[in-house]
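J.: No gaps in the numbering here: position 93 of the sequence shown is 77 in the numbering used here, and each next residue is one more.
Treat the hints as calculated values from the structure; they're not laboratory data. Just so we're clear, the structure is a prediction, and the values are computed from it rather than from any experiment. Check each hint, because a few of them may be wrong.
As the list claims (entries may be wrong) - Mimicking DSSO-like on lysine-lysine, the simulated pairs with C-alpha atoms at most 27 Å apart in a straight line are:
1. K7 to K47
2. K64 to K119
3. K64 to K7
4. K64 to K47
Said to hold, decoys possible - Beta-carbon label-pair distances, calculated as ranges:
5. L182 to Q6: 42 to 48 Å
6. R176 to R22: 41 to 47 Å
7. R143 to L182: 18 to 24 Å
Think of the CB as a built atom: it goes at the ideal place given N, C-alpha and C, for glycine as much as any other residue.
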Amino acid sequence: MKLMPHTDWSDIVATDQSGSVQKILDGTLRAIGSIGARRLSMSDISEASGVSRGTLYRYFTSKEDVLAAVSEYICSSFEKGIIEAGQGIADPIERFRAVMRFYGRFTIERSPDGIFEVEPAFHLNFLRSHFSRHKAAVQQALDPVLDHFEMLTGSRLDRDIFCDTMVRLQLSTLIIPATPQWLAIWNGAPDRLCEWALQIAGHHAEHKRG
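Construct the entire structure; sequences and hints are all you get.
T.: Written out as structure tokens, the structure is:
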């Protein structure tokens, strides 16, 4: 029986003992990066994935099904991964660091070299259709961190704008690749924001004493 495109493909990949689904999804990404989504055929996907056409058709009925599955797999993997990155970390700044490191790695690892240049339409459609889900996952991962900053500063943060900005900053690296210097700035953001929050907290304390 064929699996529908809206299936949670991250769960399917995790339980697929043959590894065929992972090969198909990874192979499709490589093929998109080399020849583009519009020219892509099921034969191309089969060849790039290293699986037989019979195996490919066991899971998917068409190229469109495969592309939909790839998009959903990337998005659901991000949602689960970024939330899990901070789970179990009690210290809010350590949690922030872990989330930022995951996000930086994910963008690089899930965006094969050249895929944006070869198939910008596929990439742009994915980014636009999944932007709100990415933002919601980032906010869920960072809610305890933002609680901490609000406690330090004594003021409420606009979490929607904060997470919206983070997602847009990270997505910009698909167009202008992140340099080691940029990654250092990105990964160092938790410490700089913590210093900023502590400075505000200090000013508030001095004002109250005055």
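J.: Work down the list of hints and note, for each, if the structure agrees.
T.: Hint by hint, here is what the structure shows:
1. K7 to K47: Holds, at about 15 Å.
2. K64 to K119: holds (13 Å)
3. K64 to K7: Holds - the C-alpha atoms of K7 and K64 are around 20 Å apart, at most 27 Å.
4. K64 to K47: holds (26 Å)
5. L182 to Q6: 42 to 48 Å: holds (44 Å)
6. R176 to R22: 41 to 47 Å: Holds, since R176 and R22 (Cβ atoms, about 43 Å apart) stay within the stated range.
7. R143 to L182: 18 to 24 Å: holds (20 Å)
Checked against the numbered hints listed earlier, the structure breaks none of them; every hint is satisfied.
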